[in-house]
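Chain order of the listed sequences is A and B.
Residues in the first sequence are numbered consecutively from 59, following the numbering used here.
Residues in the second sequence are numbered consecutively from 59, following the numbering used here.
Among the hints, a few may not be true.
Stated by the list, open to error - Computed from the model, here is a short list of chain A residues facing chain B with C-beta under 7 Å:
1) R90
2) Y127
3) E193
4) R195
5) A243
6) L269
Unchecked claim - When the alpha-carbon atoms are kept at most 27 Å apart in a straight line, the in silico DSS-like pairs for lysine-lysine are as follows:
7) K273(B) x K273(A)
8) K209(B) x K156(B)
9) K132(B) x K132(A)
10) K132(B) x K209(A)
11) K104(B) x K132(B)
12) K273(B) x K104(A)
13) K104(A) x K156(B)
14) K273(B) x K104(B)
15) K132(A) x K209(A)
16) K104(B) x K132(A)
17) K273(A) x K104(A)
18) K273(A) x K156(A)
19) K104(B) x K156(B)
20) K156(A) x K209(A)
21) K156(A) x K132(A)
22) K156(B) x K273(B)
23) K104(A) x K209(B)
What the hints contain is simulated information worked out from the structure, not anything from laboratory work.
Where is the CB? At the ideal position from N, CA and C, for every residue including glycine.
Protein chains: 2
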Amino acid sequence: MLKSAALAETPPPMRRGRPRKSAEERDESQRRADLVRAAAQLFRAKGFDATSTRDIAAATGMQSGSPFYYFESKSALLLAVMVDGMAQAQAHQDAALKALPARASARDRLRALIRQHFEVLLGAGSDFIPVMLYEWRSLTALQREQVATQKDSYEAAWMPSLNALHRTGHLQARPAVARLFIFGALNWTVQWFDPAGPRSLDDLTEQALCLFVGKA
Amino acid sequence: MLKSAALAETPPPMRRGRPRKSAEERDESQRRADLVRAAAQLFRAKGFDATSTRDIAAATGMQSGSPFYYFESKSALLLAVMVDGMAQAQAHQDAALKALPARASARDRLRALIRQHFEVLLGAGSDFIPVMLYEWRSLTALQREQVATQKDSYEAAWMPSLNALHRTGHLQARPAVARLFIFGALNWTVQWFDPAGPRSLDDLTEQALCLFVGKA
DNA sequence: CCTACCGATCGGTAGG
DNA sequence: CCTACCGATCGGTAGG
């Protein structure tokens with residue numbers, strides 16, 4: 059039962075009543091979350107294939123066979139990293155849009171989207187999305203569909219802003235292709251951005267905005 | 059001797075005199091090129107770690123141990139793919155720039171650079187550069203330096219055009235950051251572009267140009 | 001180049 | 001969750 063929940067990755071049921079989980083349940087889901095976090099970090103640092111389930115176990119303080127108590131396969135663990143990551147990214151994006159004034163301009167909306175995307179991509183402890191971007195290949199076709207649905211919904215939220223900016227002539231490429239190029243430009247930053255370097259995420263955001271839709 | 063040549067990856071010496079290579083030498087360098095091409099294709103399709111040297115041997119019609127007669131390690135084979143790929147890309151880029159009219163505008167120069175980059179990235183049988191872009195991690199630090207030098211030189215050729223377009227106000231982001239974003243946008247196309255799809259490389263080029271520096 | 005082989009590592013499982 | 005283990009695969013080598 060725990061194992062199938064791991065696959066479907068639905069958040070815990072959140073019933074209204076008081077005693078939600080026994081102590082053991084909380085322990086188990088905590089251990090499970092530890093595994094996902096350690097996996098995300100290792101997959102990002104060394105790649106999926108180069109990371110052994112023993113590495114992940116050790117990073118979580120377990121013995122070699124124990125991750126398979128929580129996940130039915132190494133690949134299910136990878137899926138969990140991606141699904142959790144996309145769910146977090148979507149939540150952040152929703153919050154960022156909701157925090158915007160109702161009459162914010164398309165430019166301001168795009169800025170907010172770019173800024174929060176950088177946060178999720180380059181912020182401290184953000185290994186989930188980079189893993190999703192660079193380890194597609196290691197998913198089965200079925201798993202890929204599942205994550206693709208989340209990704210499509212995440213990216214679709216950008217289209218209203220892009221369409222509006224295209225209408226006003228600020229975005230000069232066709233919005234559908236522009237979206238692909240823009241995500242490419244932003245996602246590629248994980249290859250070169252140095253959090254310890256001189257550039258801030260705010261600066262990066264402003265430069266990206268200038269590049270795609272010009273100044274002011 | 060063959061092995062060290064494989065590491066340094068210098069093209070065959072090309073002496074002036076007549077009998078350049080014996081038949082065996084030509085055979086050997088042909089077999090070597092076969093290995094590099096097969097490796098590039100497999101590394102791209104399945105990734106470096108998921109490709110065994112046995113896969114590569116089989117794709118070249120050899121037995122399992124034979125690739126090690128030509129390359130001292132699997133990693134040396136990966137390096138060869140990248141070094142050969144960058145050398146080809148650089149040659150194409152030089153040719154594309156030389157084919158331009160002497161008084162071509164900065165916009166035309168950038169268009170030519172983008173167009174030829176797409177060719178090298180997405181054209182038929184172009185597995186070398188995608189491998190270089192997505193298998194960095196599998197190189198040793200020393201190997202990485204070697205390829206980085208080639209890549210720096212390749213990308214440096216874009217700066218005059220970007221600087222000029224910045225001066226005239228067509229490129230609104232700082233050229234140094236713009237270059238990073240632009241290569242991200244272009245390189246990311248290997249993730250989504252379908253050569254069998256409706257979009258042509260010419261169309262893609264024009265849309266990219268519009269996105270970064272606007273129309274006309 | 002092939003044949004035959006080695007040592008190491010890996011994902012995964014049984015049984016508790 | 002741990003212990004103990006299996007079968008498979010892999011990079012690489014010796015010896016011709």
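How the hints compare with the structure:
The restraint placing R90(A) at the interface with chain B is violated, with a minimum CB-CB distance near 26 Å, outside the 7 Å limit. Taking 7 Å as the C-beta contact cut-off toward chain B, the hint placing Y127(A) at the interface is violated, the least distance being around 26 Å. This hint is violated: E193(A) has a C-beta 9 Å from the nearest C-beta of chain B, more than the 7 Å allowed. Taking 7 Å as the C-beta contact cut-off toward chain B, the hint placing R195(A) at the interface holds, the least distance being around 6 Å.
The criterion of a C-beta within 7 Å of any C-beta in chain B is met by A243(A), whose closest approach is roughly 4 Å, and the hint holds. Interface restraint check: L269(A) against chain B, minimum CB-CB distance 4 Å, threshold 7 Å, status holds. With a C-alpha separation of about 16 Å, the suggested pair K273(B) and K273(A) falls inside the 27 Å cut-off, and the hint holds. A hinted pair counts as satisfied when its Cα atoms are at most 27 Å apart, and K209(B) with K156(B) qualifies at roughly 19 Å.
A distance of roughly 25 Å separates the Cα atoms of K132(B) and K132(A); the hinted pair therefore holds under the 27 Å criterion. Note on K132(B) and K209(A): the hinted pairing is violated, with a Cα-Cα distance of about 35 Å set against a maximum of 27 Å. Distance check on the hinted pair: K104(B) and K132(B) sit about 15 Å apart at the alpha-carbon level, within 27 Å; holds. At roughly 42 Å between alpha-carbon atoms, K273(B) and K104(A) are farther apart than 27 Å, so this suggested pair is violated.
Taking the CA atoms of K104(A) and K156(B), the gap is about 41 Å. The hint is violated against a cut of 27 Å. At roughly 39 Å between alpha-carbon atoms, K273(B) and K104(B) are farther apart than 27 Å, so this suggested pair is violated. The straight-line distance between the Cα atoms of K132(A) and K209(A) is roughly 22 Å, inside the 27 Å bound, and the hint therefore holds. Our distance criterion of 27 Å between C-alpha atoms is met by K104(B) and K132(A), whose separation comes to about 17 Å.
Simply put, K273(A) and K104(A) have alpha-carbon atoms about 39 Å apart, too far for the 27 Å limit, and the pair is violated. The suggested pairing of K273(A) with K156(A) holds, with an alpha-carbon distance near 25 Å, which does not exceed 27 Å. For a cut-off of 27 Å, the pair hint linking K104(B) to K156(B) is broken: about 36 Å separates their Cα positions. Between K156(A) and K209(A) the alpha-carbon distance is near 19 Å, which keeps this suggested pair within the 27 Å criterion.
With a C-alpha separation of about 37 Å, the suggested pair K156(A) and K132(A) falls outside the 27 Å cut-off, and the hint is violated. A hinted pair counts as satisfied when its Cα atoms are at most 27 Å apart, and K156(B) with K273(B) qualifies at roughly 25 Å. Proximity of K104(A) to K209(B) is assessed by CA-CA distance (about 22 Å); at most 27 Å being required, the pair is judged to hold.
The earlier numbered hints that this structure contradicts are 1, 2, 3, 10, 12, 13, 14, 17, 19, 21.
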